[in-house]
Every structure is written in structure tokens, then in C-alpha cells.
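**Q** Given next are the chains, with one letter for each unit.
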Amino acid sequence: EDQVTQSPEALRLQEGESSSLNCSYTVSGLRGLFWYRQDPGKGPEFLFTLYSAGEEKEKERLKATLTKKESFLHITAPKPEDSATYLCAVQARAGGTSYGKLTFGQGTILTVHP
Amino acid sequence: DSGVTQTPKHLITATGQRVTLRCSPRSGDLSVYWYQQSLDQGLQFLIQYYNGEERAKGNILERFSAQQFPDLHSELNLSSLELGDSALYFCASSVVGITDTQYFGPGTRLTVL
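Heads up: the protein sequence lines correspond to chains A and B, in order. Using our numbering, you'd call the opening residue of the first sequence number 1 and step up by one each time. Using our numbering, you'd call the opening residue of the second sequence number 115 and step up by one each time.
It is possible that part of the hints are untrue.
As the list claims (entries may be wrong) - 30 angstroms max Cα-Cα, derived DSBU-like pairs, lysine-lysine: (1) A:Lys-79 - A:Lys-57; (2) A:Lys-63 - A:Lys-42; (3) A:Lys-68 - B:Lys-171; (4) B:Lys-123 - A:Lys-42; (5) A:Lys-79 - A:Lys-69; (6) A:Lys-57 - A:Lys-68; (7) A:Lys-63 - A:Lys-79; (8) B:Lys-171 - A:Lys-69; (9) B:Lys-171 - A:Lys-42; (10) B:Lys-171 - B:Lys-123; (11) A:Lys-79 - A:Lys-59; (12) A:Lys-57 - A:Lys-42.
As the list claims (entries may be wrong) - Output of the computed footprint for chain A on chain B, the stretches with three or more beta carbons under 8 angstroms from beta carbons of chain A: (13) 151-160; (14) 165-177; (15) 215-222.
Note that these hints are calculated values from the structure, not bench results. Each residue gets a CB set at the ideal place from its N, CA and C atoms; glycine is no exception.
Please construct the entire structure, taking both the sequences and the accompanying hints into account.
**A** So, in C-alpha cells, the structure goes:
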């Protein structure tokens with residue numbers, strides 16, 4: 001069964017203090033790894049998709065990287081508006097009855113203090 | 115705004131009742147997905163439809179059912195509701211359904227009293 005574990009569960013940073021969030025995964029053939037941002041009571045907002053080990057993607061202060069076992073979301077010089085829950089999800093290559101299914105981790109709650 | 119719409123935003127009902135949640139996908143998207151988010155279980159995949167046909171199924175309870183209509187909007191029907199069904203229900207859509215990005219709607223918060 002596909003599994004996604006995110007760490008830490010919660011992270012408090014000062015504005016400008018860079019850090020990384022971890023997403024470890026076990027999947028029967030990775031089709032894609034997805035990062036989403038979720039604000040309280042809102043729907044997840046898409047950030048990145050990574051498909052193969054070694055791939056990197058950037059957007060403003062965020063950079064996502066992928067290895068064969070984990071993904072990192074690096075946050076450079078964060079601002080208070082970056083405060084949110086960051087979710088990692090995997091989609092397996094198995095197909096069949098799990099065709100488009102995303103398996104999510106529990107998320108990392110990021111709080112950035114001014 | 116992802117372009118995915120969901121109604122209603124909030125729903126409060128009693129145990130044993132039946133409710134219907136509605137989702138309209140982004141223009142041009144053929145796949146619709148339903149997810150349940152609770153505090154203890156996180157985001158859990160329920161079911162996927164592609165162009166009107168069921169394509170994938172997760173741990174969806176037998177009391178729950180869904181369908182996708184010819185205009186591609188989807189409905190999730192929840193019956194014989196229990197307290198534990200209280201959760202946020204999200205709909206997502208994507209163009210095809212293979213490794214393409216799933217865009218999530220704002221969700222429906224269901225409270226079962």
C-alpha cells in the first residue's frame with residue numbers, strides 16, 4: 001500500500017529563516033509526486049509536480065526536489081504569508097482501480113512569525 | 115480560485131439523513147475526484163470519474179455513492195449519515211486523469227449532529 005510520511009508535523013520559523021520540509025514515500029512505481037499548500041478551511045492549492053529522481057522545480061521562495069525515496073520543499077527567506085499547511089501526495093503507476101488516486105501525507109503546519 | 119466550484123459550502127444535518135454534494139469541474143476537465151478530509155485521517159481519496167464513467171475507487175463506504183453527469187458536473191451522495199461522517203469533502207478535477215494536476219475546489223463542510 002502506498003504511504004506518505006511528512007516531517008516535521010509543525011514548524012515555526014522567524015521571517016527570513018530558511019528551512020526544509022520532508023516528504024518520505026513508499027509507492028509501487030511513482031507516477032508523480034505533488035506538493036500542495038492548504039490554508040485553514042480552504043481547498044488545497046497546487047504548487048508543484050515532480051516526476052523523476054533528480055528533478056527540481058521552483059516558484060518564488062519555494063523549491064521542490066525529488067529523490068527515489070523522498071522529496072523536500074525548501075523555503076527560502078519565508079514571509080508570514082507563507083504560513084499554511086503543506087501537503088505532499090503521490091500517484092502510483094499501478095493504475096487499475098487506483099487509476100488517478102492521490103495518496104496524501106498528514107501535512108506540515110508551517111507558521112512564519114514576523 | 116482554481117475554477118472548481120462546490121455547493122453547498124456548509125451543510126448541517128442529523129444522523130440517519132441523506133445529503134448530496136455538488137461539484138462543477140474546471141472548464142475542459144474530464145476527470146472529477148472526490149476526497150474526504152478529517153482531522154484524524156487527513157485527505158483520503160474516495161472515487162474518480164472520467165467523462166461520466168467510474169475510473170477508480172478508494173475506501174469509499176457503501177453508504178456513499180457518486181456519479182458524473184453528461185455536462186461533467188458530479189454529485190456525491192451520502193446516506194444513513196453517522197457522526198463520523200462529519201468532515202470536509204473536496205472535489206478536484208483534471209484534464210484527463212493520468213499524472214495531470216488535480217485542482218481542488220473550496221470544499222463542503224459537513225456536520226452531522
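**Q** List in ascending order the numbers of the hints, as given earlier, that are violated by the structure.
**A** none
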